[in-house]
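> Chain by chain, the residues:
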Amino acid sequence: MAMKIGSNEFNERVGQGIDDAFMRGAVSGAQDSMGVRRSNAAEELGNWEDWRSHGEEIRQHVLEHLDYYLEQLSKNVAELGGHVFFAETKEEANEYIRGIAQKKQAKKIVKAKSMVTEEIGLNAVLEEEGCKVIETDLGEYILQVDDHDPPSHIVVPALHKNKEQIRDVFKEKLGYKKTSKPEELALHAREMLREEYMTADIGITGCNFAVAESGSISLVTNEGNADLVTALPKTQITVMGMERIVPTFEEMEVLVSLLTRSAVGQKLTSYISVLTGPREAQDADGPEEFHLVIVDNGRSDILGGEFQSILQCIRCAACINVCPVYRHIGGHSYGSIYSGPIGAVLSPLLGGYDEYKELPYASTLCGACTEVCPVKIPLHDLLHKHREVIVEKEGKAPISEKLLMKSFGIGAASPMLYKFGTKFAPTALNPYTNGESISKGPGPMKAWTDIREFPAPNKERFRDWFKNRKKEENAHGRDDSESR
Amino acid sequence: MAGTIQNQDKFLNKIASRLGRERISSPVERPDWKYRPQDEVLKNASQDELVDVLKKQCANIHTDFYETEKKDLPEVLEQIVSSYGGGPVITWKDDRYAQWGLESLFKKEWPKNNIEVREWDFENGEESIIKAESANAAITISEITLAESGTTVLFSDKDKGRMVSFLPATYIALVPKSSLVPRITQAAQKMREMQQETGRVPSCINFITGPSNSADIELNLVVGVHGPIKASYILINDL
Amino acid sequence: MKVSLFVTCLGDLFQSDVGKATVEVLERLGCDIDFPESQVCCGQPAYNSGYVKESKEAMKRMMKAFDHSEYVVCPSGSCAYMFHEYQHIFKSDPVWEPKAKKLAEKTYELTEFIVDVLKVDDVGAKFEGNVTYHTSCHMTRLLGVKSAPMTLLSNVEGLKYTELPGKEQCCGFGGTFSVKMGPISEQMVDEKVQHVEETEAEYLIGADSGCLMNIGGRINRKGKPIKVLHIAEVLNSR
Numbered sequence: 029m030a031m032k033i034g035s036n037e038f039n040e041r042v043g044q045g046i047d048d049a050f051m052r053g054a055v056s057g058a059q060d061s062m063g064v065r066r067s068n069a070a071e072e073l074g075n076w077e078d079w080r081s082h083g084e085e086i087r088q089h090v091l092e093h094l095d096y097y098l099e100q101l102s103k104n105v106a107e108l109g110g111h112v113f114f115a116e117t118k119e120e121a122n123e124y125i126r127g128i129a130q131k132k133q134a135k136k137i138v139k140a141k142s143m144v145t146e147e148i149g150l151n152a153v154l155e156e157e158g159c160k161v162i163e164t165d166l167g168e169y170i171l172q173v174d175d176h177d178p179p180s181h182i183v184v185p186a187l188h189k190n191k192e193q194i195r196d197v198f199k200e201k202l203g204y205k206k207t208s209k210p211e212e213l214a215l216h217a218r219e220m221l222r223e224e225y226m227t228a229d230i231g232i233t234g235c236n237f238a239v240a241e242s243g244s245i246s247l248v249t250n251e252g253n254a255d256l257v258t259a260l261p262k263t264q265i266t267v268m269g270m271e272r273i274v275p276t277f278e279e280m281e282v283l284v285s286l287l288t289r290s291a292v293g294q295k296l297t298s299y300i301s302v303l304t305g306p307r308e309a310q311d312a313d314g315p316e317e318f319h320l321v322i323v324d325n326g327r328s329d330i331l332g333g334e335f336q337s338i339l340q341c342i343r344c345a346a347c348i349n350v351c352p353v354y355r356h357i358g359g360h361s362y363g364s365i366y367s368g369p370i371g372a373v374l375s376p377l378l379g380g381y382d383e384y385k386e387l388p389y390a391s392t393l394c395g396a397c398t399e400v401c402p403v404k405i406p407l408h409d410l411l412h413k414h415r416e417v418i419v420e421k422e423g424k425a426p427i428s429e430k431l432l433m434k435s436f437g438i439g440a441a442s443p444m445l446y447k448f449g450t451k452f453a454p455t456a457l458n459p460y461t462n463g464e465s466i467s468k469g470p471g472p473m474k475a476w477t478d479i480r481e482f483p484a485p486n487k488e489r490f491r492d493w494f495k496n497r498k499k500e501e502n503a504h505g506r507d508d509s510e511s512r
Numbered sequence: 004m005a006g007t008i009q010n011q012d013k014f015l016n017k018i019a020s021r022l023g024r025e026r027i028s029s030p031v032e033r034p035d036w037k038y039r040p041q042d043e044v045l046k047n048a049s050q051d052e053l054v055d056v057l058k059k060q061c062a063n064i065h066t067d068f069y070e071t072e073k074k075d076l077p078e079v080l081e082q083i084v085s086s087y088g089g090g091p092v093i094t095w096k097d098d099r100y101a102q103w104g105l106e107s108l109f110k111k112e113w114p115k116n117n118i119e120v121r122e123w124d125f126e127n128g129e130e131s132i133i134k135a136e137s138a139n140a141a142i143t144i145s146e147i148t149l150a151e152s153g154t155t156v157l158f159s160d161k162d163k164g165r166m167v168s169f170l171p172a173t174y175i176a177l178v179p180k181s182s183l184v185p186r187i188t189q190a191a192q193k194m195r196e197m198q199q200e201t202g203r204v205p206s207c208i209n210f211i212t213g214p215s216n217s218a219d220i221e222l223n224l225v226v227g228v229h230g231p232i233k234a235s236y237i238l239i240n241d242l
Numbered sequence: 170m171k172v173s174l175f176v177t178c179l180g181d182l183f184q185s186d187v188g189k190a191t192v193e194v195l196e197r198l199g200c201d202i203d204f205p206e207s208q209v210c211c212g213q214p215a216y217n218s219g220y221v222k223e224s225k226e227a228m229k230r231m232m233k234a235f236d237h238s239e240y241v242v243c244p245s246g247s248c249a250y251m252f253h254e255y256q257h258i259f260k261s262d263p264v265w266e267p268k269a270k271k272l273a274e275k276t277y278e279l280t281e282f283i284v285d286v287l288k289v290d291d292v293g294a295k296f297e298g299n300v301t302y303h304t305s306c307h308m309t310r311l312l313g314v315k316s317a318p319m320t321l322l323s324n325v326e327g328l329k330y331t332e333l334p335g336k337e338q339c340c341g342f343g344g345t346f347s348v349k350m351g352p353i354s355e356q357m358v359d360e361k362v363q364h365v366e367e368t369e370a371e372y373l374i375g376a377d378s379g380c381l382m383n384i385g386g387r388i389n390r391k392g393k394p395i396k397v398l399h400i401a402e403v404l405n406s407r
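Protein chains in written order, with the numbering used here: chain A, 29 to 512; chain B, 4 to 242; chain C, 170 to 407.
This is chain A alone, in the form it adopts within the complex (with noise of 0.2 Å):
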């Protein structure tokens, strides 16, 4: 699987979302109980303001000084003894990959849950060369047991999915034979995968922050999978996205503080572990060979231009979990990988706007994303950016829109024309108007009309009543106010 999800077109999939009952009940309650959870985390600190200023500045600084922490963390790695591949493209990534898998001779990989290697279809490329690959996160899992069906969310990726449908899956895949009981559910999976961890022959893990000082790399999670991931298995890959690193470690603990609050409402997740290098010479676990894949995947290209606010992103989800078009429609329905409204930014910017055209226009502009982000990326202008770019430099908006709103652009701009359109507005619906609203209006009046009444334009204009007005008051003379 790789960034794209299905096939379907972006309105077929935000229908499928729509009627999807079950979906759409789960991702309100989470929205609910999530969004209630971030809000007090954020506000028992008191000065919630300045940790997100505090976290803006550290990834703003980082990315203005990419290159710098890159080199920094690779001669770290390096003199720890790991391997540090730097992947321009997904296939240099993913090549790499296999080459290792393929020198260890790896027949069971077990795999934290990253969305980078998401991204890059690592899974895909690993099955095809003949080895078991098995997510571990829980929520990761249970969509891998199901035939691979897609995340939903980047931090909760089996969002969709109730406990009878799990149990189902369980069942028909696992020969899983108890209740739906998420205690229980957990339990067989627990079973399931302590067996695959000390079997496994390759570890994969992301990175949600690499620390250039001491070329460490973090994982944070609330399983301990990472943990078991990196621990067992003989040799450790990370795969991280180039844009998650950090100066030393006090900038690690900030943004880590900011993520754990920000995703789950929680101080800190039950574990975050700090890795650095490869086990060390007399230690019994840990990997003895450590590679760490540094994938670029398009995100040079956001750099240095409008969009590279967008690669402040932590990978939180709040935006996702406070989005009101999300509620409504799920994740699948952005067909990305990314959902919501970090989707709906990054998604045309990594995967274009030919496939993610749409995803810019699912949003109201109401700001709720832009302001729960703990990294301060104003995520609603970036979408409006992208509105931008898609009519100006891309060509790509519908032409009746186009003539719609250079008809707009003259209409608006004249007063002239503006006072003459909106003077006859009511003659020219009259023949659609029904009292005081219409209920079935004329061309593009009719996406509106489908949903609800649009008024009736007033038989008199505010401009007209208040000309007459003060006509009336210069005609009878204004003594003041309170006469009137």
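If you're looking for bench data, these hints aren't it; they were derived computationally from the structure. Where hints are given, some of them may not hold.
[As the list claims (entries may be wrong)] Below are the DSS-like pairs computed for lysine-lysine, each with C-alpha atoms no more than 25 Å apart in a straight line:
hint	chain 1	residue 1	chain 2	residue 2
1	A	103	B	193
2	A	468	C	391
3	A	430	A	451
4	C	233	A	434
5	C	396	A	474
Everything numeric in this text was worked out from a predicted model, so none of it was measured.
Here the structure of chain A is known, so what remains is to put chains B and C in place on it, guided by the hints.
Chains B and C alone, transformed into the frame defined by chain A:
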């Protein structure tokens, strides 16, 4: 084994060119950040106040909290392990257990009561992992303890296997009162000092906050997904 | 105090009652209202759809139309916010950026103007009924006006207020979003209408004509017995 770096220059040159400048060749000074909200958290809190914060936070993270003097530590530990259903118990190879008066419990009382005590042995690594996997309780020591989040911090080394804390069904951390700091900020500062003084930090530093858990199924919290199902912290007042 | 009214295109054409109420409330508070005849639309519909070039012409018109004004007051948070956005849209434009800044400095949303500039918390209105209030997104999040409407409503005699559940959630209007993404917008407005019903209010009040047209249009389509009013109309009732 020496490490390697591949494809670096082309990759980093592209980044520099996108940023509209040459590659950075001289060290970048760590900026004087405009904001430092992390320093305000529990600022000037006394050690006793930090204990209170930790105690309260333990309730939020499904972790049992015990407080004891060093002299009573064996008794408290024994009770917790029996409440967890007994052994086998796995420990690190660490002199501090003996210094804190646990030698007799580990070597005499528990064995006498059929509670097997296993010690991590790097020279028999595979066996140690298997022993940890089948152990019921792990006994570890928190090097730094974060009051705000209720987090114990473990440093790995050859005698302190990473998997001791993780594979057994239950997790017990011995927490010297002196290890308490306000939050992760102070731990990060210590790690940085260690890195600067000795050239490196342990290959695995683990921040553990309560038992393993997941909310991946309908956002229901399930405790004990991959790692321990239960967790206890024992605060030792006079250490 | 001389106040120039920016009535908005919706206010001019479809909701002239809102403009009228605004004029009457402000006059009662001692303002002298001026209506610059050459005002058009603020450009937001085209701008938000990505037609920046087209919308800039309308924005320039508006800056000219209100050039002389001491205060500009607008009975719509979203449109008032748009006036504040001009300075970013015309950033680094030597001619228009200064004008845009000037416009932003003197532009207020109606309730914000009454509370923050006129320093009035009670306009002396009387309104009998159970009401709830929709906090529109642009007004609260982007313009940052949160408390002024609540302050004014809390002092209206006879008015009984119930908070709207999920009040911070968008109603699904979003300008052209409401037609471009019709099916999604429909779900959003339906949830909003459902929340309004849960309050058992007879009136839904708001300070943004776009949102009110959207929620009100859906309420009418569904034949619900809830009336939709702009806050200016409530503040103008005696």
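> Now, for every hint given, state plainly whether the structure supports it.
Evaluated hints:
1. Pair hint residue 103 of chain A plus residue 193 of chain B holds up; C-alpha atoms about 22 Å apart against a cutoff of 25 Å.
2. Distance check on the hinted pair: residue 468 of chain A and residue 391 of chain C sit about 14 Å apart at the alpha-carbon level, within 25 Å; holds.
3. The hinted pair formed by residue 430 of chain A and residue 451 of chain A meets the criterion: a straight-line CA distance of about 24 Å does not exceed 25 Å.
4. Of the pairs offered as hints, the one joining residue 233 of chain C and residue 434 of chain A holds, with about 21 Å between alpha carbons and a cut-off of 25 Å not exceeded.
5. Taken as a hint, the residue 396 of chain C and residue 474 of chain A pair is honoured in the structure, with Cα atoms around 24 Å apart against an allowance of 25 Å.
This entry satisfies every hint, going by the numbered hints stated previously.
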